[in-house]
Amino acid sequence: MDASAASLGHDSHGHHGPVLQYQPGLPLTRGKLIMWLFLSTEIMFFAALLGSYVVLRFGAAVWPKPHHVHLSEPIGAFNTFVLICSSVTVVLALEAARANKRSLAKIWMLTTLVLGAFFLGIKAYEYSAKFSHGIYPAAPRGLIYERPDLYYGSAVRARLGEPAIIDRMKELDARPETELTSDEVNGRRRLQQVREMAMSADQQAFDLAVIADQVMPLPDDAAGGHGHGGGLNETFPWLQLPIVIPGGNMWASTYFLLTGFHAIHVIVGLIVFGILLLYELGPKHAGMIENAGLYWHFVDLVWIFLFPLLYLF
Amino acid sequence: MPTSPLDDSAAAHGPITAPGHLAEAAVADGDAAAVQPAGHGEESHGSLAQYLAVFAALCFLTTMSFFTYSSYWPWRDEPQVGWAFMMAVSCTKALLVVLFFMHVLWEANWKYVLTIPAAMMAIFLAVMLIPDIGLRNRMVAQERALHMARPADVSLLERAAKAANEGPHHADDHDH
Chain V
392 MDASAASLGH DSHGHHGPVL QYQPGLPLTR GKLIMWLFLS TEIMFFAALL GSYVVLRFGA
452 AVWPKPHHVH LSEPIGAFNT FVLICSSVTV VLALEAARAN KRSLAKIWML TTLVLGAFFL
512 GIKAYEYSAK FSHGIYPAAP RGLIYERPDL YYGSAVRARL GEPAIIDRMK ELDARPETEL
572 TSDEVNGRRR LQQVREMAMS ADQQAFDLAV IADQVMPLPD DAAGGHGHGG GLNETFPWLQ
632 LPIVIPGGNM WASTYFLLTG FHAIHVIVGL IVFGILLLYE LGPKHAGMIE NAGLYWHFVD
692 LVWIFLFPLL YLF
Chain R
210 MPTSPLDDSA AAHGPITAPG HLAEAAVADG DAAAVQPAGH GEESHGSLAQ YLAVFAALCF
270 LTTMSFFTYS SYWPWRDEPQ VGWAFMMAVS CTKALLVVLF FMHVLWEANW KYVLTIPAAM
330 MAIFLAVMLI PDIGLRNRMV AQERALHMAR PADVSLLERA AKAANEGPHH ADDHDH
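These protein sequence lines map, in sequence, to chains V and R. Everything in the first sequence is counted per the numbering used here, starting at 392 for the first residue and increasing by one. Everything in the second sequence is counted per the numbering used here, starting at 210 for the first residue and increasing by one.
It should be emphasised that the hints constitute simulated quantities derived from the structure, not laboratory data. One thing to keep in mind: the hints can contain errors.
[To be verified] Distance condition first, Cα-Cα at most 30 Å in a straight line; then the derived DSS-like pairs of lysine-lysine: (1) K675(V) x K423(V); (2) K521(V) x K497(V); (3) K320(R) x K675(V); (4) K521(V) x K320(R); (5) K456(V) x K497(V); (6) K320(R) x K423(V).
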């Protein structure tokens with residue numbers, strides 16, 4: 392019976408006079424109850440986000456292949472692994488705290504924190520790779536055009552007509568071939584062709600597709616997805632010409648929204664772990680570790696669904 | 210012994226908490242909780258070996274969903290097979306995490322009270338969105354209709370890429 396009273400989570404200090412006692416409706420501590428209630432709202436939050444993603448993804452006429460938007464599946468899979476590891480370490484931290492192995496609990500907690508930060512670091516690397524290719528959400532659009540149409544052609548012309556770009560291109564044209572790498576020599580000639588095509592009076596629809604392909608080719612899946620080198624935007628990063636990724640704008644919106652919300656959850660988890668590290672991680676604070684762990688497992692859970700949906704579908 | 214503070218406090222609450230009844234209910238709940246191995250920390254929730262086994266299973270399952278991306282995956286031409294497979298794998302992983310890492314396997318019956326309604330709401334929400342998949346392209350804003358990509362655009366780009374690979378550009382690539 393003693394054990395049962397303790398398991399109710401009551402403060403058993405009612406010996407000095409009448410003390411107001413909270414009567415739980417459910418046999419679990421208040422902190423855990425609140426955490427589970429919070430998690431059930433989180434389930435609905437992410438279900439709505441993922442559901443909307445699925446609608447947009449499968450309702451779209453065209454959706455970019457992972458390689459078209461420079462997604463790397465191995466990096467995504469590795470990040471999944473990192474997050475699973477951190478889930479295990481937080482469980483081990485809880486077990487150690489319950490067994491009153493305080494320093495061990497602290498080590499596991501610190502490992503969790505490091506792994507979570509590592510996950511975020513990889514995520515930041517992935518984000519920067521997208522940004523450097525001009526892939527980010529913007530209204531009505533950033534550099535991404537969905538189709539090689541006249542709007543795209545005029546955007547390329549407008550960019551090529553900017554004074555700063557004209558100056559850079561003049562500078563490039565003036566440089567002797569010996570000063571340039573073979574990529575740059577090749578790129579310079581292709582840039583000249585693109586300029587002629589973009590400015591040409593009798594432009595065909597196919598020309599615009601060729602321009603788009605020269606600026607940033609969409610890698611072929613059959614080529615293992617690594618054939619995207621050699622786009623003009625890559626050879627001359629200052630160029631920043633508009634690019635064509637069919638379905639790319641919607642992709643960017645959903646990708647950054649989903650992973651962004653997940654990353655925010657990871658950051659919150661790291662803050663919680665940072666605070667927990669300030670405490671003695673013994674049985675007294677096992678409840679706190681358990682609640683933080685529940686939250687962290689949920690963050691892991693969301694990623695378990697995000698990874699295949701975003702990287703492999 | 211532990212019932213006495215409960216009774217005291219129940220008496221102190223007076224009419225607000227309807228004394229005798231709630232205290233009894235709480236004790237009954239307590240018994241139920243004590244009978245379950247769940248408890249709160251007295252009994253181990255899972256052994257280290259168990260956690261490591263779950264960890265290994267999670268890693269294996271991640272590899273399995275990654276396998277759909279590899280060239281050994283036999284259904285590369287039918288992506289739907291891979292999608293169904295990956296969703297099955299993800300659900301299995303989620304179940305493992307929830308049952309073992311979140312200790313739901315060892316919890317008392319309150320777990321159903323919290324998780325089932327939330328899961329139903331989540332599923333209902335997702336199901337409600339399904340008709341939108343079919344309707345999404347039937348009615349789009351003019352601005353979107355003007356700018357959104359169509360399969361024809363993709364094939365145009367593919368033809369351009371092919372021409373670039375076979376045509377003069379490609380030859381140039383190899384000259385230098």
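Now the hints, each set against the structure:
1. K675(V) x K423(V): 15 Å, holds
2. K521(V) x K497(V): Measuring from Cα to Cα gives roughly 36 Å; hence the hint is violated.
3. K320(R) x K675(V): 24 Å, holds
4. K521(V) x K320(R): 41 Å, violated
5. K456(V) x K497(V): Violated, because 43 Å separates the two Cα atoms, which is more than 30 Å.
6. K320(R) x K423(V): Between K320(R) and K423(V) the Cα gap is close to 11 Å, so the pair holds against 30 Å.
Comparing the model with each numbered hint stated earlier shows that hints 2, 4 and 5 do not hold.
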